[in-house]
Each structure stands twice: as structure tokens, then as C-alpha cells.
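Peer 1: Build the full structure now, drawing on both the sequences and the hints.
Protein chains: 2
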Amino acid sequence: MSLQLGELRVPRRILMGPGPTEVNPRVLRAMSLPVLGHLDPAFLEIMNQVTAMLRAVFQTQNELTLAVSGTGTAGMEATLFNLIEPGDEVLVAVKGYFGDRMCQMAERAGAKLTRLDTEWGTVFEPERIGAALKTMAKPKLVAIVHAETSTGALQPIEEIARLAHEAGALFLIDCVTSLGGTPVLIDEWKVDAAYSGTQKCLGSPPGLSPVTFSPRAVEVIRNRKTPPQSWYLDMGLIARYWGGDRVYHHTAPINAIYGCHEALRLALDEGLSVRFARHLRNHHALVAGVEAMGLTLHASANRLPMLNTIRIPTGLDDMRIRGRLLNEFGIEIAGGLGALKGRILRVGIMGYSSNPHNVTLFLAALEHILASEGVKIPRGAALASAHEVYTQAAASVSDHSGK
Amino acid sequence: MSLQLGELRVPRRILMGPGPTEVNPRVLRAMSLPVLGHLDPAFLEIMNQVTAMLRAVFQTQNELTLAVSGTGTAGMEATLFNLIEPGDEVLVAVKGYFGDRMCQMAERAGAKLTRLDTEWGTVFEPERIGAALKTMAKPKLVAIVHAETSTGALQPIEEIARLAHEAGALFLIDCVTSLGGTPVLIDEWKVDAAYSGTQKCLGSPPGLSPVTFSPRAVEVIRNRKTPPQSWYLDMGLIARYWGGDRVYHHTAPINAIYGCHEALRLALDEGLSVRFARHLRNHHALVAGVEAMGLTLHASANRLPMLNTIRIPTGLDDMRIRGRLLNEFGIEIAGGLGALKGRILRVGIMGYSSNPHNVTLFLAALEHILASEGVKIPRGAALASAHEVYTQAAASVSDHSGK
Numbered sequence: 092m093s094l095q096l097g098e099l100r101v102p103r104r105i106l107m108g109p110g111p112t113e114v115n116p117r118v119l120r121a122m123s124l125p126v127l128g129h130l131d132p133a134f135l136e137i138m139n140q141v142t143a144m145l146r147a148v149f150q151t152q153n154e155l156t157l158a159v160s161g162t163g164t165a166g167m168e169a170t171l172f173n174l175i176e177p178g179d180e181v182l183v184a185v186k187g188y189f190g191d192r193m194c195q196m197a198e199r200a201g202a203k204l205t206r207l208d209t210e211w212g213t214v215f216e217p218e219r220i221g222a223a224l225k226t227m228a229k230p231k232l233v234a235i236v237h238a239e240t241s242t243g244a245l246q247p248i249e250e251i252a253r254l255a256h257e258a259g260a261l262f263l264i265d266c267v268t269s270l271g272g273t274p275v276l277i278d279e280w281k282v283d284a285a286y287s288g289t290q291k292c293l294g295s296p297p298g299l300s301p302v303t304f305s306p307r308a309v310e311v312i313r314n315r316k317t318p319p320q321s322w323y324l325d326m327g328l329i330a331r332y333w334g335g336d337r338v339y340h341h342t343a344p345i346n347a348i349y350g351c352h353e354a355l356r357l358a359l360d361e362g363l364s365v366r367f368a369r370h371l372r373n374h375h376a377l378v379a380g381v382e383a384m385g386l387t388l389h390a391s392a393n394r395l396p397m398l399n400t401i402r403i404p405t406g407l408d409d410m411r412i413r414g415r416l417l418n419e420f421g422i423e424i425a426g427g428l429g430a431l432k433g434r435i436l437r438v439g440i441m442g443y444s445s446n447p448h449n450v451t452l453f454l455a456a457l458e459h460i461l462a463s464e465g466v467k468i469p470r471g472a473a474l475a476s477a478h479e480v481y482t483q484a485a486a487s488v489s490d491h492s493g494k
Numbered sequence: 092m093s094l095q096l097g098e099l100r101v102p103r104r105i106l107m108g109p110g111p112t113e114v115n116p117r118v119l120r121a122m123s124l125p126v127l128g129h130l131d132p133a134f135l136e137i138m139n140q141v142t143a144m145l146r147a148v149f150q151t152q153n154e155l156t157l158a159v160s161g162t163g164t165a166g167m168e169a170t171l172f173n174l175i176e177p178g179d180e181v182l183v184a185v186k187g188y189f190g191d192r193m194c195q196m197a198e199r200a201g202a203k204l205t206r207l208d209t210e211w212g213t214v215f216e217p218e219r220i221g222a223a224l225k226t227m228a229k230p231k232l233v234a235i236v237h238a239e240t241s242t243g244a245l246q247p248i249e250e251i252a253r254l255a256h257e258a259g260a261l262f263l264i265d266c267v268t269s270l271g272g273t274p275v276l277i278d279e280w281k282v283d284a285a286y287s288g289t290q291k292c293l294g295s296p297p298g299l300s301p302v303t304f305s306p307r308a309v310e311v312i313r314n315r316k317t318p319p320q321s322w323y324l325d326m327g328l329i330a331r332y333w334g335g336d337r338v339y340h341h342t343a344p345i346n347a348i349y350g351c352h353e354a355l356r357l358a359l360d361e362g363l364s365v366r367f368a369r370h371l372r373n374h375h376a377l378v379a380g381v382e383a384m385g386l387t388l389h390a391s392a393n394r395l396p397m398l399n400t401i402r403i404p405t406g407l408d409d410m411r412i413r414g415r416l417l418n419e420f421g422i423e424i425a426g427g428l429g430a431l432k433g434r435i436l437r438v439g440i441m442g443y444s445s446n447p448h449n450v451t452l453f454l455a456a457l458e459h460i461l462a463s464e465g466v467k468i469p470r471g472a473a474l475a476s477a478h479e480v481y482t483q484a485a486a487s488v489s490d491h492s493g494k
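Read top to bottom, the protein sequences are chains H and F. Residues 92 to 494 in my numbering are what the first sequence spells out, letter by letter. Residues 92 to 494 in my numbering are what the second sequence spells out, letter by letter.
The set of hints was computed from the structure by calculation and includes no laboratory data. Please read all numbers here as calculations on a predicted model, not as lab measurements. Fair warning: there could be bad hints in the mix.
Cross-link-like lysine to aspartate or glutamate pairs, in silico, DMTMM-like; alpha carbons within 20 Å at most [stated by the list, open to error]:
hint: 1; chain 1: F; residue 1: K229; chain 2: F; residue 2: E176
hint: 2; chain 1: F; residue 1: K316; chain 2: F; residue 2: E180
hint: 3; chain 1: H; residue 1: K203; chain 2: H; residue 2: E176
hint: 4; chain 1: F; residue 1: K229; chain 2: F; residue 2: D179
hint: 5; chain 1: H; residue 1: K467; chain 2: H; residue 2: D409
hint: 6; chain 1: F; residue 1: K432; chain 2: F; residue 2: E479
hint: 7; chain 1: H; residue 1: K316; chain 2: F; residue 2: E198
hint: 8; chain 1: F; residue 1: K432; chain 2: H; residue 2: D131
hint: 9; chain 1: H; residue 1: K225; chain 2: H; residue 2: E249
hint: 10; chain 1: H; residue 1: K432; chain 2: F; residue 2: D131
hint: 11; chain 1: H; residue 1: K432; chain 2: F; residue 2: D336
hint: 12; chain 1: H; residue 1: K281; chain 2: H; residue 2: E249
hint: 13; chain 1: H; residue 1: K203; chain 2: H; residue 2: D179
hint: 14; chain 1: H; residue 1: K225; chain 2: H; residue 2: E180
hint: 15; chain 1: H; residue 1: K432; chain 2: H; residue 2: D409
hint: 16; chain 1: F; residue 1: K432; chain 2: H; residue 2: D336
hint: 17; chain 1: F; residue 1: K432; chain 2: F; residue 2: E210
hint: 18; chain 1: F; residue 1: K316; chain 2: H; residue 2: D409
Peer 2: What follows is the structure, given as C-alpha cells:
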């Protein structure tokens, strides 16, 4: 490869995968502000504001709330590694790809793992988890994914939290895809630890993982007998930098935090309930359009509003459909992971990408491609159905102006 | 705290600490390009280019060369955790704060650690390391910091590499502060693994850690008996995403990689030898100015060009000097870490921050502050001495225009 490269250019894309999503130009603008030192009083104040805004979106009073300097997977590792010590009994309820990843990490942390599985696309009945907990001697931690990005299913949380606590365990959720797009009520649900990512419904580029720990989880971390196996993700050390002491741990990713700050500011300015309603409205429009084409969604109930899994009609090739969407229409969506590879399309409408332009464009493009691939489609029905949702909500105007 | 926040504002700062440094506006502009998907063919091509450019700055042909999705500390952890298995004998030669950090991580990885220490500010004689290796049964890894940011000393590398290999060990260096500012010759020195950070002499914001592994190190990783203790930093998994397979591992920090791409492009466009000469010239000017004020540098020999440690005159308070520099002149420098806390000032002239404007401004401000604190200073001597360095190099004009 010649290294005489020109200035970076990126193609125009509509991002409707499982993240990253498009971001508001204001967020990009914030990220291009000059770098500050990671111990500059002005930057420390920005961190304080990020913490306060993260508490608001997590709907928590948890003191230990901050953005880990890595992507959502780093947040998964930070929460698991800080709460688990070798030999601890951990229950992970798996209903998709990311639950499986939690198991792999818990095992690397030396956990004595109890793994429950349910069909991908469904959610857990709390009773199953309650029953499994009864078979464990001293469960330390129960972990589950709230919004499983690989299947499109949303797990009800509150009852599982109650059962975990009844068994004396901490309760951890992955809310990478849900935070900022659907209610995540850390305090009300009594969740002890949670991690997310900035690149989904929060509407900032990837690179940071918001995390929050309850006072009870903090107590468990403080009383560890062994240090967490990661130094980079050691919450005891990181808390001293994000908290009052400001002890140097690592150089924070300054500009990513600027972007996160602006994205959080925009989310709170929009209002969480308005934002959740927007995600739901665009989801309803997308589903109406998809079903009007004669397609079905994979998640039958408890559907995520921000990530839609569409079954691929028999005989059609996943890669070909996605390739045509990308190359002919500049629209990125994703295929299935693991057990669902080749069987579903995953269509994200998250954060700034959750808007009627994207929904309309996607439906029009998909209809064109399916029809040209020989699928019998009632032409125009998708857009008509989606448009009706918007008209009924009388909301498309405010959505279009919603910058 | 009220959450009715205005748009983010940052104060104007001259960054002359140990990093982050100021970055070229072109880098900030690249970071504000629209987000692409982490599996978009256009983004994968950007990753290929980043890899090729990283190989050029590391001066290596190593296939496994990429940017870890975390700051330099994540790179430290990624290299140590992937090369060490529990029970492995590891030698860490410590001559400052970051060598000590390596020891902490090696111990978390279960290493049987042999730690050598030398006075902070000095470097190791290779013979000491050779002798220590003879006391070990089967050394697996020797690790040392190339440019110790906490002391300002530059460790000669080549002979230690030879001794490590002679003993059958892999050889790892931390080149967080050196890469892009002074020669780092991975292949010529026969270094098996190295990590760096983007926010020092490479001139990009913090958030990524360039790493490189020799074929021999890759072989060791492939033949591990146990998985690395981190899943997020598991090079076997990450290599499948950065390499040809493009298997999803985590969502790459897209915009940080844009910034890194542009910073690398600018570094190679400047030319590495020209860039090293620039760092050296600004270092010589700074040292001439500092010594003309009657101050002394802590590192007596093997001085880093990009990070200068100045002894604080007796009776003066570290925090007060740095506070005045920041508040009265908008200049950020750093104080000492660990054993050197309160005893030295650390002045970075790295990457985009390495320019005559910054050197001149710093010398003028420091002279003013020291004089007003009652230190007897020959007024004007610092600037005259620094200016003479620039005049002799006949280079200040090209430096000033060097955007």
C-alpha cells in the first residue's frame, strides 16, 4: 500500500445497524473542540457534568457512575471483573449473543458459572431464574442483557432483580442498546450494576461505556479479597480519578468525553420520555411497513423499539440483500449473529438515526430490492402503512424538525 | 448540579504536560467526520491504512500491528496479558512510575515477577539485566519502558533486547511517549512487542493505543494454554477483526481512528527524521533556556527530547508554580509522580505541541513567575539562549510554518 494518502474521506451512509448510529452534527462539533489535559480543572468540571447527566439517563442516584474508557464490551468486562472473584457463583441468563459473551468473561474471571439458556428471540420467565438460584449454594451475581441486540427482544427486569436479591446476589444488567431509547430504571428496578455504550441510543460515537454501581455493589468491590484481574478497568482505581480525589489512573479520552457530554445534553434537552416515545413511534412505523410487505419480525413479543429483527424470506441471501442496501442505497443494516446468522436482518433505529427519514428510506429501498429479487410485494403498501403511523401520531413534523 | 447545561466550552490552553498534547486542527476535523459502521468496507479500508501507517512509524514489518480501543494503559495491559500466562517468569526493569505499573499488571496476570529497580532519572546498564536473567530458570518476558515519562530518561534498547533473546525470553517495550518523537526501531532492535498512545508525539487525542507484536510473539499468543484474562484485550480475538477475517469483536471507536489516521498521515508527510529533528531542536532550545535561568534538569544523561524534567528550586512550591502557569498564562505542565512528587516539573514538547511558540511562551512565563516568587534570575537570558538555538538551527521559520 502506498502511504501517500490523501485527506480522509468517508462515504455518505444511513446507519441503521445495531450501532454505531449516526450522530447529531452538534456532537461531532463538540468532539472537535481543542484537547484539554485530563487533570485540567475545566475538564474535571466537564467530567462532573457527564457524571450528573449519566445519573439522569440511568435514572439513578448511584455515586459511582462514570464513563469507562473503552467501548461497551469494556463496560461488560469492567462490571463483571470488578464484581466477581475466583470461585464466586455467578448466574448468567443467556438469550442471545451478548449473554453468551458475558459467560465467556465470567469464566475468565474465575466464576463458578451457572448458565441458563432460552431460545434466541424470547425472554426469560423470572421463575426459571428463581428456580436456578435455589440450586446454587451462595450466588454472588445474577447477570442478564436488558435489550438483546442480537435478537431484538427486551427483557423485563424488575422481578428478576427481586429474585436475585432474595437469593443474596447482586444484579447486573447490560443496557448497551436500551439506554436512552427505552426506560432503564436503575434505582426503581434495584439494579446493582449496569453498563452501556455511547454509540447506540445515546447518540454519540463509539468509544465510551457508561457504567453505574449501587452502594451495595461498591461495598462488594471495596471488600474484595483479591484485586480485579484488570488494572485498566479496576473500578477502585478509576473511581479515585472520576471521584473527588482526582488521582491519575490513565489519560481519559478527552474528545470522546466531549462528544458524550453533548449527546447527553441533547438527550436530556429532548427529554427522556419524549425520546422514548420517538423511538417507539419510529419502531411502530417500521413494523407497520415491514408487515405490510408481508415480512415477519423474529421477536414475537417484548420487541425492542430500537432494534428490529426481520426474518429473511425463504430463498433470499442475507449478504446479497445487505450488499444491495449498502451499495445501491448507502444504507447500512446488519445480519444475524450466531444462531441467527443468515436468517434475519437487524435494523436499528437508534438515537439520531431514529427518525422518519431513515424509516421511510429503508422501507422504500427494501421494497425495491425484494421486488427486484422476485419477492411478491404489494407495491407502495409499506410506505403507506408507515406514513399512517406518523400521521396518526401527528408527529412527523416535530420529528423532522427535531435537531 | 443543574442539568440545564449550555453547549460545551473549553478554555484556551497551551498543553505542555506529559500528554495529552495539542493536536493539529486537521486531526480534530478528521474526528468530526460522520460515523461509519465498524464493518463498513470503507471503514475497513481506513483500518488497513492505519495499520500500514502504524507499521511505518513503528518501523516494523510486523503483521499484527493495530490500535487497541483504549488509552496507553490498555495497550500496556494488552501486551502483558497476552504474553503472560500464570506462573511465567517475567523480568520488569523499573526506572520510574510506568515501570512500576507494568509490575502491578504482570502480577495481576499471575507472573512470577523479577523486579529490578534503578534510581528514577537514570537508565539501566544492560549488564544488570543480563545478570538478573541468569538467576531466572526460564524467563518468558523482559519488559522495560523506553521513554519514562515520569523521569525524562530515555533507555537504550538494543543491547537489552539481545540479552533477553539470548536468555530465551520475549522482549517488550513501552514506547508511549517516544513513538513519533524519537526513533523507535522495532525490527532493527528486535523488539517482540510494543505499545504506545496516540496522545503524545503522534499528535492525536487520547483514546487509542497502537501496539505491535513480532511473529515470535504471535506464535507465543497462538500457543497459549489458557485464554488471556481479558476478553476485551484478547489479541487473538482482536486480530481476527483487524486482520483479514473481519470477525466482529467490539465496536471500534470510529472517530478516534479517523483522528489517528490523520495524525499518522501528517507524521509521515512531515517525515519521521524531520519530525525527530524538530523534537530535538525544541528540546535543545528549552534546555538552553531553562539552564540560562540557572535551573537544572533531573535526568542528567539520556534525556528525552519530548519530556523535560526540571528540578524545582529549593523553597518553591510545585502546586503554586503550576497553578500560576495555568491560571495566569493558560499553560499546562505537570508535576512529579511517585518518588519525584513536589521535586520536579515535567514539561512536554510533543507532537503538535513541539514548536518554538510553546517553548518561548513557557520560558517567558516561567521566568516571570520564578522572578516574582523571589528567585534570582538573569532576566531575558532564557529567551536569548533558546532563540540562539533556533537561529543556529536556522529552522525557526520552517517550524513556524509547519502546519
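Peer 1: Each hint should be assessed against the structure and marked as holding or not.
Peer 2: Structure-based check of each hint:
The suggested pairing of K229(F) with E176(F) holds, with an alpha-carbon distance near 13 Å, which does not exceed 20 Å. Only pairs whose Cα atoms come within 20 Å are accepted, and K316(F) paired with E180(F) is accepted, the gap being roughly 15 Å. A hinted pair counts as satisfied when its Cα atoms are at most 20 Å apart, and K203(H) with E176(H) qualifies at roughly 10 Å. Distance restraint check for K229(F) and D179(F): the Cα-Cα separation of roughly 8 Å lies within the 20 Å cut-off, and the hinted pair is therefore satisfied.
With a C-alpha separation of about 18 Å, the suggested pair K467(H) and D409(H) falls inside the 20 Å cut-off, and the hint holds. Under the criterion of a C-alpha separation no larger than 20 Å, the hint pairing K432(F) with E479(F) is inconsistent with the structure, at around 32 Å. For a cut-off of 20 Å, the pair hint linking K316(H) to E198(F) stands: about 15 Å separates their Cα positions. Using a Cα cut-off of 20 Å, the hinted pair K432(F) and D131(H) holds, with the two alpha carbons roughly 18 Å apart.
Of the supplied pair hints, the one linking K225(H) and E249(H) holds, its CA atoms being roughly 18 Å apart against a limit of 20 Å. With a C-alpha separation of about 18 Å, the suggested pair K432(H) and D131(F) falls inside the 20 Å cut-off, and the hint holds. Our distance criterion of 20 Å between C-alpha atoms is met by K432(H) and D336(F), whose separation comes to about 16 Å. Taking the CA atoms of K281(H) and E249(H), the gap is near 7 Å; set against the 20 Å cutoff, the hint holds.
Between K203(H) and D179(H), the direct Cα distance comes to roughly 6 Å. Compliance with the 20 Å bound is thereby established for this hinted pair. For the suggested pair K225(H) and E180(H), the alpha carbons sit about 12 Å apart, so the restraint of at most 20 Å is met. A hinted pair counts as satisfied when its Cα atoms are at most 20 Å apart, and K432(H) with D409(H) qualifies at roughly 8 Å. Note on K432(F) and D336(H): the hinted pairing holds, with a Cα-Cα distance of about 16 Å set against a maximum of 20 Å.
Distance restraint check for K432(F) and E210(F): the Cα-Cα separation of roughly 14 Å lies within the 20 Å cut-off, and the hinted pair is therefore satisfied. The suggested pairing of K316(F) with D409(H) is violated, with an alpha-carbon distance near 37 Å, which exceeds 20 Å.
In the structure shown, a violation is registered for the earlier hints numbered 6, 18, in ascending order.
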